[in-house]
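Hey, can you work out the whole structure from these sequences and the hints?
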Amino acid sequence: MNSRKDQAMTGQIAKALTEASGLLRRPQRMIPLIRKLVFDKARVTFEHRHLYSYTTTKLASGEALTSLLHWILDAQRPDGGIAAYYSLLTGYSESYPEVTGYIVPTLYDFARSSADDRAAASAERATRWLLSLQMPTGAFPAGLHGSGAQPSVFNTGQILQGLVRAHAETNRPETLRASVSAGDWLVKVQQADGSWSGPGAYQDAAHTYYSMVAWALAELSERATCSSHEQNDYAGYGPAAERNLDWVLSHFRPNGWIDGINLRCHPNYLHFIAYVLQGVLECAILRQRSDAIETVAKSAWVLLRKFETNKYLPGAYEADFKDGHRFTCLTGNAQMSCVWQRLFEVTGDLRYLNAALKMNEMLKPLIPASGPRGIVGGVSGSYPIWGRYQPLRYISWGCKFFADALLLEQRLTRSFDASTVEAWPCAS
Amino acid sequence: MRIVILSSSVYSESACAMAVRMAELRHVPVGALALSTLDRGTLQRKLEQWGVREVARYARTKLIPHRSDEKPQLRNPYLEPVLKHQGGVFRSLREVAAVHGFAIAVCNDQNAPDSIARLKAWSPDLVVFTGGNILRKQLLEVPRLGVLNAHLGLLPEIRGMSSPEWSLLQHIPVGVTIHFMDTGIDTGPILQRYEFPHAPQCESLSDLRNRLIAFGIEKAAEVVAGLDRGTIVATPQADLDKDHQFFVMHDWLRARAAERLTQSRLAAVPGTVNG
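Protein sequence lines, in the order shown, are assigned to chains A and B.
First residue of the first sequence: 4, per the working numbering; consecutive thereafter.
First residue of the second sequence: 11, per the working numbering; consecutive thereafter.
FYI, nobody ran anything at the bench for these hints, they're computed from the structure.
Hints may be right or wrong, so weigh each one.
Computed spacing ranges between beta-carbons, pair by pair [what the hints assert, rightly or not]: (1) 177(A) / 59(B): 53 to 59 Å; (2) 205(B) / 351(A): 20 to 26 Å; (3) 301(A) / 122(B): 35 to 41 Å; (4) 131(B) / 314(A): 33 to 39 Å; (5) 349(A) / 61(B): 33 to 39 Å; (6) 329(A) / 118(B): 23 to 29 Å; (7) 53(B) / 329(A): 22 to 28 Å; (8) 265(B) / 349(A): 22 to 28 Å.
C-beta atoms are modelled at their ideal positions from N, C-alpha and C, and glycine is treated no differently.
The structure is reproduced here in structure tokens:
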């Protein structure tokens, strides 16, 4: 146990030294760093949000969406992968297979909503790069590109999302073959109880946020069966997704808290709580599991009440949503906006849409409107920028989830018809 | 019956109208406990809610005496009949108190120990809430009968904020509920529910809200009289296990609620096609 802690500590020190040395190599990064630190300090000190702060649209969602997508396009490396982050100390990171995978659906959604060819072209480049990374087993590697070749369950699941969508868009057989190969590997290494643990799992442990992998398998089940006459070949993905769904559902407490996020040396960041909810919700929608939707709705409602009452969601929680940490995890906020909007679609309860619209209003002003490439249009890991989650970084998955939230907002508000809204089914 | 009024400010038009209406029904309050107008949080909330121009206009109408040839300026014009006084209108609780003879106390927090001590000194049978803080148990336990509130929505269906707007979007009749407050959000026992019949005549959401406030004050005064006569009893709310709480509505949804109001107005006009 102690050696694990020592290892983690050593890793953190090494990381801090690497980041600091980045500033020594490029001292010109000092200016945007200081500017951002001063800006966030001033904002945190003087800005006191009230009940009506997030109800008015001050920045058009379309403009915010475009700037997020520009950030993502700027972050695409020459190899086709998307960088994990832009650090105020070290600049862009290497390409990140996991995020590159699940950014693909966002790029296609944006291409559709805006008729922007660059987004679709970017998605195709990203897909080609991902195909080049697949291991003979069907798995995809962990970590940043070039950091090691260990197969990773979570990354394979997240990349599978992108591959399934790429196949839906392009109908290229190699993409379906890669998806099926990844799906087969995920089913093969799944534990009997429905979880994933062991060498392919982060820190070798089972995690409830791997519900995102279940979602990917449920997507694959839908896609593969409608793309082939040999449906029996693909019969295993749906049940495997539901086995994991059942395992994750067994970790929900009656008060909405979710056990089993299970990250050693990390608090329960909102990002991971929201992952659990997103994965379960999307998997439940695809598999038509109303029990799972109700369970997610209960947890999502707890967070909605906290957001509506306190005007922000803390970046991390202790068990039972207690002792919220005093920083904001912007990615987790954007994910919760997605969860609430999807719950509105499923339940018709307008309070979810209302909270999501306000959440989007809160996030929009935090996207830098100016600054160098890597900063402008980006979503920082934490607000303030020195918060515990991905400090001093603009992260690609933050942009992805906020873009998803704004794309959902566009779709739902365009199709909204007040006359068809029924008297709501109450959250209870 | 000894009545105390709780107010968000000494300049609150609703509090002034409630005090005047009570006095007209021979229930002159023994006192009013108002939040400080210069409270930083209140000012900031009003600035966000109304905007700088409207706050400045409001301050001018309250602080600078209007000329005799000038039309009285009220934020809620439907309160004018109640607030009319000597060719003008009551502009603050202090003016109402001077005419009807009751005490005014100003505080920064209605739940603070000194505020509760002040309230206890008045030994009220009933507290009428017209605005201020979220009330804590210690304060709610002071009056003999309870703390009465006029909620701008039908309970238990619509609890919480932006109630008229949510009523429109949820296809629930617009109305007012007079109820006793408890530590929950609009979960206390109900005294009377009133549907508001004039919603289709309202020009806008703010017009609807203003009319509902005036309607609620009138109905609250009637309920106070009923409580005094012993003809009205409170009934605990059903559905307390369900979460009927609504929150401040985003402007985009408010615009949809306004569209619904327009549709109901068009539908109410004979010969108009509801588009």
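The hints, checked one at a time:
1. 177(A) / 59(B): 53 to 59 Å: Once the Cβ atoms are compared, 57 Å apart, the range 53 to 59 Å for residue 59(B) and residue 177(A) holds.
2. 205(B) / 351(A): 20 to 26 Å: holds (24 Å)
3. 301(A) / 122(B): 35 to 41 Å: Given a distance of about 36 Å, which is inside 35 to 41 Å, the answer is holds.
4. 131(B) / 314(A): 33 to 39 Å: holds (36 Å)
5. 349(A) / 61(B): 33 to 39 Å: holds (37 Å)
6. 329(A) / 118(B): 23 to 29 Å: holds (25 Å)
7. 53(B) / 329(A): 22 to 28 Å: holds (25 Å)
8. 265(B) / 349(A): 22 to 28 Å: holds (24 Å)
Checked against the numbered hints given earlier, this structure breaks none of them.
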